[in-house]
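Chain by chain, the residues:
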Amino acid sequence: MTQSKKRKGILGGLALVAVAIGLYWSLAVAPPDAYQGEVQRIMYLHLPSILTAYLSYFLVFIGSGMYLWKREKRDDLLAHAAAELGVLFTALTIIEGSIWGKPTWGVWWTWDARLTLTAILLLIYAGYLMLRSLIDDENRAASAAAILGIIGFLDIPLIHMSVYWWRTLHQPPSILRPDKVPWENVHPAMLTALTISFVGFLLLYFYLLSLRYRVGEMRQEIKALRLERGA
Amino acid sequence: MGAWGFVSLAYGIVCGTLVVYWMFLKRRYRQAEAEVDRLRSSEIIGSDDKI
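As you go down the protein sequences, you meet chains A and B in turn. In terms of the numbering used here, the first sequence opens at residue 1 and continues consecutively. In terms of the numbering used here, the second sequence opens at residue 1 and continues consecutively.
Same shape as in the complex, but just chain B (with noise of 0.2 Å):
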């Protein structure tokens, strides 16, 4: 492999594995906010029933 081709797998495993990184964290992200949007609206239909 010549120097370029070095160069390339670094930039290549770097910015990959940051966007897989990234992508997952965004997955983690959206799946709490719709527990947390979820438990919240069932707290609100709760709290009208009781009512």
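For reference, chain A alone in the conformation it holds in the complex (with noise of 0.2 Å):
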């Protein structure tokens, strides 16, 4: 077995570990919300989803500027593999949140400013992965989605403040808030299981995506050899 392969089981074990522990804190050890009762443990998925999908997005960022500046293949295989991610991440978000949203404001959707911008998040990434396989030149089809995931990387500030700029039925929010600290905010017994299941959520992405990445340098391999042998 490789170093790489022993690295990626490793990191695989470690996120089982930690998602199991953060679903057993989550169902198990933290206390019902006082008013929401048993369904804002849904919230244990929903806030670590849509982190990591931003995440994401911010490695899409990163690697489509990197790709646009330097020209590097390896750029362009993270910004894919981070942009099949986040349309995962933000899905279940989605979902996740209409499975809450339906007991608590009676609704499975609503065309709320925050609901509906984080919609065109997935959409516009959506429309990346797409993208990529309309245009049969690769360097122009990594190019066209260099750009697309750095003008989607816009809507994430938007999404973030869009409960402070209009009027919402999203909450605002309870963690990332600039005049309180988290623990002032939320029970320590909450706290903790949002925070287990947010490291759990993190290793799985990471597990993920070495994966992912992998999968799209072994392809470049493949068409070289490919090339190589028709020459």
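Hint data in this document are derived by calculation from the structure and do not stem from the laboratory. It is possible that part of the hints are untrue.
[What the hints assert, rightly or not] Straight-line C-alpha distance at most 27 Å; calculated DSS-like pairs for lysine-lysine:
1) A:Lys73 - A:Lys223
2) A:Lys5 - A:Lys223
3) A:Lys223 - A:Lys6
4) A:Lys6 - B:Lys26
5) B:Lys26 - A:Lys73
6) A:Lys223 - B:Lys26
7) A:Lys8 - A:Lys223
8) A:Lys5 - B:Lys26
9) A:Lys102 - A:Lys6
10) B:Lys26 - A:Lys8
11) A:Lys8 - A:Lys73
12) A:Lys223 - A:Lys70
13) A:Lys5 - A:Lys73
Both chains come to you apart, so use the hints to assemble them.
Below, the structure is given as structure tokens:
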């Protein structure tokens, strides 16, 4: 077994353990919310999912910018891998939010500013993946996708600020707020569940990203070997 | 559906989706790995033939 495969295996194992502990804390240890009751437990998935998606789009932003600047394939591979995972975690965020919204707001979906902007974020990066598959020339596809990857990232500050700028049904942040530190605002057991769950999501994310990045690398290798053989 | 029903639905969908994606990614990984190995070994055979 190569060193890289061993590292991936260790990361995968750590992710599995952290996710399992996170699930235990979220479902069995953390107390129910005083107002929302048990349904609030969905937040231990919802918040880590969207933060992981934001991290993923940040990597798309960095990878895309570096690719346009240096033209190195590895930056494009990173942006592509991160975009795919970003779409997955954004879709999960919207589904979790919708399941939480039904018992809390009485609707599965509403055209609230934050929800709409998050749906737009999903469409932008789903478009990013489609764009790559629609353009035959690999370098042109990478450049076009990089521009979209950078522009799409501008939606994230809009999503974060939307609850302050517009009158929305979505509540303002409980954790990432400028006026209070998290432990003043959230019960310690709830904050612990959220932290463990977030660490689990992060480890799982980096494990999946390492696999997806390697798939991209191997695809490049296959193309190069086929060209060599054809030449 | 009760509160725990909504919680189970959310956790079930998230865990299920992540497991399915991981399996799908593993399959892509193994297929690409096998193709690289195949091309590399045929390249070695090809270069041996030239000798």
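Satisfaction of hint between Lys6 (chain A) and Lys223 (chain A), Cα-Cα up to 27 Å: holds (26 Å)
Take a quick look at whether Lys5 (chain A) and Lys26 (chain B) sit within 27 Å of each other, Cα to Cα. holds (12 Å)
Hint consistency between Lys26 (chain B) and Lys73 (chain A) [alpha-carbon to alpha-carbon, up to 27 Å]: It holds: about 22 Å lies between the C-alpha atoms, which stays within 27 Å.
Does the structure keep Lys223 (chain A) and Lys70 (chain A) at a Cα separation of 27 Å or less? Judged against 27 Å, a Cα distance of about 22 Å means the pair holds.
Lys5 (chain A) and Lys223 (chain A): Cα distance at most 27 Å? This hinted pair holds, its Cα atoms lying about 22 Å apart.
27 Å limit on alpha-carbon distance, applied to hinted pair Lys6 (chain A) and Lys26 (chain B): Cα-Cα ~15 Å, so holds.
Given the hint that Lys5 (chain A) pairs with Lys73 (chain A), test it: the Cα-Cα distance must not exceed 27 Å. holds (22 Å)
Pairwise hint evaluation, Lys223 (chain A) against Lys8 (chain A), where the allowed Cα distance is 27 Å at most: OK: Lys8 (chain A) and Lys223 (chain A) at ~24 Å, within 27 Å.
Taken at face value, is the distance from the CA of Lys8 (chain A) to the CA of Lys26 (chain B) at most 27 Å? Holds, at about 12 Å.
Quickly compare the C-alpha distance for Lys73 (chain A) and Lys223 (chain A) to 27 Å and report which way the hint goes. With a Cα-Cα distance of about 13 Å, the restraint between Lys73 (chain A) and Lys223 (chain A) holds, given a limit of 27 Å.
Given the proposed pairing of Lys102 (chain A) with Lys6 (chain A), does the C-alpha separation stay at or below 27 Å? violated (43 Å)
Regarding the pair Lys8 (chain A) and Lys73 (chain A), is the alpha-carbon distance no greater than 27 Å? The hint holds at about 22 Å.
Checked against the numbered hints given earlier, the structure breaks only hint 9 and satisfies all the rest.
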